[in-house]
Every structure is written in structure tokens, then in C-alpha cells.
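The hints should help you fit chain Y onto chain C, whose structure is shown.
Protein chains: 2
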Amino acid sequence: MNDNLHAMRHTSAHVLAAAVERLYPGVKFGVGPVVENGFYYDILFPEPISDDDLKTIEKEMKKIISEKHEMVREEISLDKAVSFFKEHGQDFKVELLKDLKEKGTTKIQTDETQDIDISKPDVATLYHTGDFVDLCRGPHIENVKDVGAFKLWKIAGAYWRGNEKNPQMQRVYGLAFETQKELDEYLAMLEEAKKRDHRKLGTELELFTIIDEVGPGLPLFYPKGAILRRLIENFIMEQQEKRGYVPIWIPHITKGKLYEISGHLQKYDAMYPPMDLPDEAQYYLKPMNCPHFMMLYKSTAHSYRDMPMRWTCTTSCYRYEKSGELSGLTRVRSLTQDDCHVFLKSDQIEQEINLMLDMIDETYRAFGFKDFWVRVSTSDPNQKEKYIGDPKIWEESEAALARLVEGRGWKKEVGVGEAAFYGPKLDFMVKDVIGRQWQLSTIQLDMNLPERFELEYADSDGKAKRPVVIHRAILGSTERFMGILIEHYGGAFPMWLAPVQIRIATVSEDFVSFAQKLKTELSDAGVRVELDDSDMKVGKKIRNAAMMKIPWTIVIGEKETQGGAFDVNVFGQEEHITIGQDQLVGEISKASKQK
Amino acid sequence: MNDNLHAMRHTSAHVLAAAVERLYPGVKFGVGPVVENGFYYDILFPEPISDDDLKTIEKEMKKIISEKHEMVREEISLDKAVSFFKEHGQDFKVELLKDLKEKGTTKIQTDETQDIDISKPDVATLYHTGDFVDLCRGPHIENVKDVGAFKLWKIAGAYWRGNEKNPQMQRVYGLAFETQKELDEYLAMLEEAKKRDHRKLGTELELFTIIDEVGPGLPLFYPKGAILRRLIENFIMEQQEKRGYVPIWIPHITKGKLYEISGHLQKYDAMYPPMDLPDEAQYYLKPMNCPHFMMLYKSTAHSYRDMPMRWTCTTSCYRYEKSGELSGLTRVRSLTQDDCHVFLKSDQIEQEINLMLDMIDETYRAFGFKDFWVRVSTSDPNQKEKYIGDPKIWEESEAALARLVEGRGWKKEVGVGEAAFYGPKLDFMVKDVIGRQWQLSTIQLDMNLPERFELEYADSDGKAKRPVVIHRAILGSTERFMGILIEHYGGAFPMWLAPVQIRIATVSEDFVSFAQKLKTELSDAGVRVELDDSDMKVGKKIRNAAMMKIPWTIVIGEKETQGGAFDVNVFGQEEHITIGQDQLVGEISKASKQK
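Here the protein sequences come in this chain order: C and Y.
At position 130 of the first sequence the residue is numbered 191 (this note's numbering), and the sequence of numbers has no breaks.
At position 375 of the second sequence the residue is numbered 436 (this note's numbering), and the sequence of numbers has no breaks.
Quick caveat, the hints were computed from the structure, so don't treat them as lab data.
For clarity, every value in this text was computed on a predicted model and none was experimentally measured.
Treat the hints with caution; some may be incorrect.
Because identical chains share one entry, a pair is satisfied inside a single copy or across any pair of copies.
In silico DSS-like pairs for lysine-lysine, Cα to Cα no more than 27 Å straight-line [as the list claims (entries may be wrong)]: (1) K580 x K602; (2) K524 x K162; (3) K359 x K261; (4) K580 x K303.
Chain C extracted, bound-state conformation (with noise of 0.2 Å):
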């Protein structure tokens, strides 16, 4: 968001926090940060609040900014600071301010904001809007008449610096944008998207669940779910293997002494914590797969007549996410990757490279993704000691990443310096239907997995070089894609992707066997179909067909076992369409290929 636009989140927050000590005398205020699409303020009233009240704060906020407060800044001592926040009752000011007296610094982690450095470590900053005054170290709009269109949206529980031994207060949240118009376009995208919810829909139409047995971010999938997780997972593979992927197979488990090696014992904070074998070893499951496939590599000699080798394995590694983070497929602890590793002469990075950019580009648009562009992270020419690897192999890597990208007349962003020490990257943001931008495709380069794992190959003059690797992951995560997915498509997916492609329904029992017969047919030529044949009405079997979001149903009555063509009630639209008994298989595989 711009400059601007935070300010004026910001300011908004302000407005809220000011409304509500007016309203709720004795109220403690914990933090209000900017989010995307608005703000919050974490709050402790002093009888917690309920969804109603947000109206009436609302209201209060309007006032407040008829009143037209300039938001005036005030720098005073920390010790002044603390007096005063003191005396006005806010303990969790006071708190902040001692931190900053003490260690410098106010950061506090929250579950949603990683990082709020709340004043300058010297002197305490104040903004005052009226009456209200508030610990800030800005910036804000001048005047809280220019806050533009906001919202108050919800109301969530959240602890004190998100520690569950602190007291609990109330977020509340607002959406705040520079128009109204931009406002109600957000409001009317998460009126659609609550529509889309692929949690509800998931549940709907039997495609997934959550136990509680099992845990959170653990989903198990119904055999509906099961079949378009196969879908998406054999488009990947064919995709792959017609540009010289091969797959290899790798365990979920390991031995500590990879993540050693590879470093990420050290580093990653996401990992499971090991299984601990006394006599043996502690066994860890994995968060990646790389580790695994560079031991592979290393396992037999290679030769520069293999390369580039590419190597895929689509395979679940396992990450213990914060369970408030858990959200449905979208964010999960069990994630199956379509991951890929290629090991390649530092010569063939811009070919390979193409390559993947091939595979992006038609598997965006076999999903309907028309609407995305490409972050390209590279290193900073100011601190090249920053970075490992040939700086020649940087340079030309760079170079063709952008290239490539400007070439396809994608859109393109430079992120200069937001390069991981050990190579470029591509990141790919794609727009879903509604609007809403998701991270999907990663293209990475590394320098440093080869070395750590002292990777080589035989060179053509005989000498042994070190390959290069590049990470490649398309869809990200089966799991988040299906989730994905289910919005972007609103559960209503096309034919080649649809878990039941046709329904069959009866209208009475003695149009059974014909329609056993035909499903059997259908079934043997490989189209996915359910058959109704139980006593309920006809309306009534088409009306459930529609709510499972079915493309395709047919219903088989004295007309259809005379021979009589079909009437096809295709979903979403009001004609019926009409298909000879023989040409059904064809019509069913023509639209399949509709992508």
C-alpha cells in the first residue's frame, strides 16, 4: 500500500481507539498497527464487547472525525511518559514504554504482525487526536477528516503480545481504503469469497475434513477430494514428464544428521521436534525435501552428459505451523509439494529456466489463472559480499530471469536485494476470480545446497565441477492449490477437473437397470459418474445434483430407454443441451479438454 494509505489506516486506528475511550470509560489500549485492507486495535474493555457494539463505536469514530482533530505530534521523555500513561490507567503503555527504556526497543510478536516498534528507543512520541492521547511513533494524515472510507468488520479474541499467559482483549478490526468505492468493491469480494469459502465448500461437497482426533492443519480428504487432488496432481506430472522431469521417491522421515548437513537444524524453526530413538538416532520428519534429494544426487557419479538432470518427487513434508495460522487447505501442517529439483551446468540456467516458464504459462492456463505477475528477487549491488557463488553465474542468472520474464510480456517486479544469499529468484502472484492475489510458483536458484552438500559432476575436459541447482515448485502445495482452487472456481469446477463429471437420476424404479447399465458404460470409458437411483422425486434429484455442483445430469425416464436423446441440465445454466445416447462419451471427453 502507498504512504499515504497507511497514514491514513493508521490514523483511522487512532479514531477507533479515541471513539472507544470516550465510549467505555477505564479501557486499557494494547497495540493498533496497519494490516492489509485496514487496521486494528488490540483492547481491553472493561465487560468484553459484542459484534452490536461495533455500530455504536462506528457512529462515535463519525463524530470524532466531523470534529475534524488535527493529529498532533508531541515528543517527551520516557519517564514523563510513563507518568502519564500511569495516571491515565494504561498498564500496557507503561509496559511498552519500560521495555523501551530498558531494552531499547518496543517489539513485541504478535500472531499477525511480526514486528511493532511502537516509539523511537530515545523519547517517547505522542500523537494527540482531541482528547485522546496515544503512545505512536506515527506517521499519520494531518487531519483526521482525510481518513477516507472505513469499516469496523469483526471482533476477534487475542492475548496481550500474543502470549496466552497474558490477559486476553478483544481486536477489533476495521477495513479502511481512500474511497468508498474501493471500499464497497472489498466489501462486495468478501461477501463473494465467504460464498467461496472452501472450508464450507469442502465440507459441502465432500471433499475434505478436519478431526479433531487427528489434529489441526491435518486434513483427510473423501474420495471426491481424493479425485481431484489425482487431477491436479497427474496434469503436474504430464506437464513435467514431457519436458524430461523424472520422478524419483524419498521417505518422510530421516535422520537428524541430513538437517545438520544442510543447516536447517540450525535454522528452521518450523520443524517437527524429533522422535527421539535413544540407542539410534533422532529422526525427524521432514519440512522440505531438498536435503533428501541432494543426497541422492551425491549417492552415484554424474556426468555433464546427464545434465541438466531433473529430478521431481511429489511428496508431503510436514511443518508445525502456529495453530491460529491453520486456515482449512490454505494454510496446513501436512503439505505435498510439487517439487523439483534440477541439477544443471551454470551455461544452462537460462534454458532450463525457459523450460519452467513454459510449464507455468499452461498450467495457469489450464486453471483459469489469466491474471498474474512475477516478483524477481535479486541480489544488492551495494553489498556483493552478501553472497555466495560465482558473481559471473549472479550476473548472467539475473540478467536472463529478467529477460525471460520481459520477453513473455509478463508483468514483472525488481525486489533488489531480496535475494536469499545463495541465489536469484522468481515468485509468481496470481489473481483468482474475485480479485483476490495468491504467492503460487517459486523458481529459486541455489549456490549453497550444492556446496554444503560438496554435490559434482564429471566435466567434459574430465574435471570434476560443481552442478548448480534451481528449486521449482509450480503449484506450491497440492493441498493450498485444491484450496485455492475450490474459490477461484466457487466448488463449480470445469468438466476435466469435475470429482463426478455426470449425474444419473431416475425418474422411478423401473428405469433403473438402464440407468445401471449406462453408468457402468460411462464408468468403463473412464468418465467419473454417480448414479441417483433412489425414490426421491426427479426435481428434487436434479435440485441435489446442482447443489453438489455437478457439470453434467441427465435423467432417465420412458424416453431415454426408448432410445430418445438425453437433456443434458448443465450447472449454472438455464438451456438444457441435448446429446444422442451414443455420442455421450465423446461430448463429455470434448468438454473435458475445454481447459
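Quick look at chain Y alone, frame taken from chain C:
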């Protein structure tokens, strides 16, 4: 093995010890039990012996046999026995006798034999073989002259009582059979098995490896092995899906809570230790899939109309097998089961099992297993109280199992009383081409888990009924089955299973572009093809392809680039076959259909 053979083998172990005592004064003896195909004795030699010494020991054994000693049994008090063995410096025997006195048992755990009870609890039983005296429960044959044919086979290290804190002894293995012919046949089979050893072939054919830093029992698969895995798993998937099985998907870890409900946490001892998350729960790697299947079933409502519900998931389980028991792919710690659970009404058991037998029949044929028999484990009619569930279901399903197996003309053995308390079972024992027997498929009825998990379906009368569950695996695990298959085929896979079906070898640089084009054509047609365009001599290239046991190899030279027919080198065959250029894909596809 029959009682006489068992006694012969046991007596051979005593003869071995007697010979060793004559040759190595000061030697100390551990235990010497009977094992499959022979016997062993754990011995602490004054100086470790080597394979070369086995000949000398064998010679002495033959001398003892020619002396025709009776095996004389004697019973003396435990105290007297302690004095006797102490006097003769046999510390391990003394330890066993003390255990016998204090604990009433000498049951000891070694890595190969779970329980050895060395004597009766109240009195020491000794056996005399000439001057040699051993503590032993018996029985033995009457005279050493009748021990049959034997051969000392190998030496391995073994800790006393299987505990690495105890002294390390040497385990001397002997093979023993009733006749020299049987021994010779067994030795020939061993020789053949050695050539076919899947661990050796696994490396030579680039199928899999086991890496120290990852851990024992956790194989990683190279591309060729990963393709073989997939071919096997896809075959099973196709077999299942045409019979109405549908996939589900489950995570590999779960809260301990799930295994409390299933009872595994209390009873199953091969589980990996937990991953302890103090703020949340203990998480476990799944050692089997049943509890996840049960929970997924339970998470939605089911009707009699849905039955039978055939759910399948090819997924990995983790079992912490002792490192001494691990072996290549046939005994691993990470195993991928072709696991199915069928939920059904009790009147559907027979038809459902019949469907499973169809699949077993078709699968064994496809993989060339022609010789197999079935073990039927039933309840013990004299201990009816041991078994849970409806006795009528027991009776009917046991009768159905026997009837179905007989109806197909399959050999069977009935193990009365060998059923688990929760249901009868079928186990399939399969012989490979060199006559070794493997246990593969299992079909297990279960009336326990549906009870424990309180599973239900709505019957046609609207009442809630409990389903029966059938557990079923055809291959057991992908890894173990692959291990067996590699040995069964000696690494020379038939066309449909070969990771590489055809290799193209160029005569010289001039023909590389033609060969590359051909490779692309074949690959696009779905053929698994490799190209050897190195600068080796073509004869060497053909020999290399044969080393990799690739079914077909074709050479590309002048004649072929002019459109001449391909001369195909067929693995294991003297004569070439000739195939016109435009028939190649068709012929490979035809050869792939011959299972």
C-alpha cells in the same frame, strides 16, 4: 518343519558345540537354537574365528558323528548344574541357570529368536554328547549318527542376549536337512538367490539406495526405481478402480488420541516414539491406516444404499523395526501399503471377498506368480468366548471363506483357532521362480474397530446398524513387493514393468541426430526409452544395455538411417528380432501386454 527334522537340527547344534569345544579350549557357549533351514550357536571364542575355520570345525563335527554318540539326557538340581558349568568356565550357562532359579524362566530375547526357554523351570536338563555336556530342554534324536546332511554356512556377530551392552559373540550358522539331496537343492537355491539379491541388483540397476545420513530401513528410489514403484502402484489402482474401489487421502501423522481410541497406543509396539508438543499434544507417525479410515467414515452419515463402500489409499506407514531385522526393501521402516478398507453389511461379506479373490487371481497372474496357497485362520470352536461380534457372522463368513477358496481350486490350509479375536482371515503364501515362499496378500474381517469407533449406517428400516469392516492388501507393501519382484525376475523385468523398455545405441556421431529424433518419437508415444550416444564402441554399448537387463536394444547405423528395419537385441535371447521402423511402437506395446 516336522518334529524329527527339528530334533535333527537341534542335535546338529550340539555336535557343532562339541566340535568347537574340542578345537578351541576355553571357549564359552551361549545358546544354540533351531532356525529355518538349520541351526546356529552363539559362541565366544578365545580369539574370533573366520570363515576359513568353518571347514576345520565341519571336519571335527563329521568325526564326532562317525563316533556314533548317543544323546543322553540327564536331570540334576539347578544348584548342581550351576556348580558344574561354573567349574567348566561356562559363565553364560551359569547366568541362564541363575535366571531359571530366580525368575522361573530363561526366556531370552535375541534378534532372531524371540523366546528361548533353555530348560524346565524346576530342574536342569542336560544332554551328553560323548564328553560334551550342554544345558538343553531337548528333544534330540537318539544318536548323532542320524543328524542327516548339514553344512556350516556363515558367521555373524551377535551380542549375548541381543543386548549391545553385553559381550559380542560369534554366531555360527549351519544348514541342516534330512538328506544330502535336499541340502544340495537348498544350496543351489541360495546360490541363485545370491545372484538375484535385490539389494545387489537394486544398486546395479539404479533402482534404490539406502543412505546412512537418512537412516536404515528408509530406502530412497532413483528414477528407475520410482518408475517401477509407479507401474506397480498404477497396476493395483487400475485393478481396484474397475472393481469400484475409490481413493481417499490421509495424513501420515496424528494426535495420540486416535490411537488411544483404536487401542494401538496400548498394544502396538513398533510405533515410533511421539513428537512431543507440550502446548498441544503428542503426535505420532502412523504405523497403520485403519484408524484414519475409521474416523473418515465416521465423519459423515452413511446409508445401506452406499454399501459396500470400498475405500483405498496407497500411503506410507512407519514401523520402528529393529535395525538387525532390516533388509533392503523386504524389511523396511517406511512401507507403502496398498491398503483398502471395505465397509459393508454382514450379508455382503461373501460377494465382497469373492471380488477380492478375483483381484488376487488377476494380480498374481500379471506378475507371474503361478504357485500359491491360502491359509484360512478361523476361530477355535472350543473357545467361543474369546471372540467378539455376532457368532452367526463368524459361522457364515468362515464357511464362505473356505467355500470361496475351494471353489477356485486353490490349495488351502485351515488354521483352527488362529483367527484374531475380531474376525477370521485369509493369508496368501506365494512361491517365486526359485521356490522361495513369501506371504503376500491378506484379507481380514474386523468386527472390533467398527465397535471401538462406533461406526454406523442407516439400514433400510431406518435403524442405525454397525457395519463390518474388511481390511485388505494385495501386495502388502510396495517396497517389499518390489524387493520380491526384483528377485523373482532376477532384475530382468518383462516389457510392461521394465523401467527402461528400449535402449537406442548409436554406431557413431553421424547417427546421433537420427537417434535423438527416434528417441523423441518413442517417448512421445509413451515408450520408456534411453539413448546411448556416447563415443563408446557399439559392442560395448550393447553389453552395457545387457548389464542393465534392458528388454530391447537397437543399434542405429547407416542401414537404419536409410530406413532399414531395426535389429532388436532381446535381453536373454541369442537371436535378434527384426522390426520395420514403423512397427516399433506397436511391437513394444504388444510386448507390454504379455504379462
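Structure-based check of all given hints:
1. For a Cα distance limit of 27 Å, the shortest separation of K580 from K602 inside one copy, 16 Å, qualifies, whereas the shortest one across copies, 52 Å, does not.
2. Taking CA atoms no more than 27 Å apart as the test, K524 paired with K162 passes in neither setting, with 60 Å inside one copy and 69 Å between copies.
3. Proximity of K359 and K261 under a CA criterion of 27 Å is satisfied inter-copy only: 19 Å between copies versus 46 Å inside one chain copy.
4. With identical chains, the CA atoms of K580 and K303 are at most 27 Å apart between copies only, with a shortest distance of 13 Å across copies and 33 Å within one.
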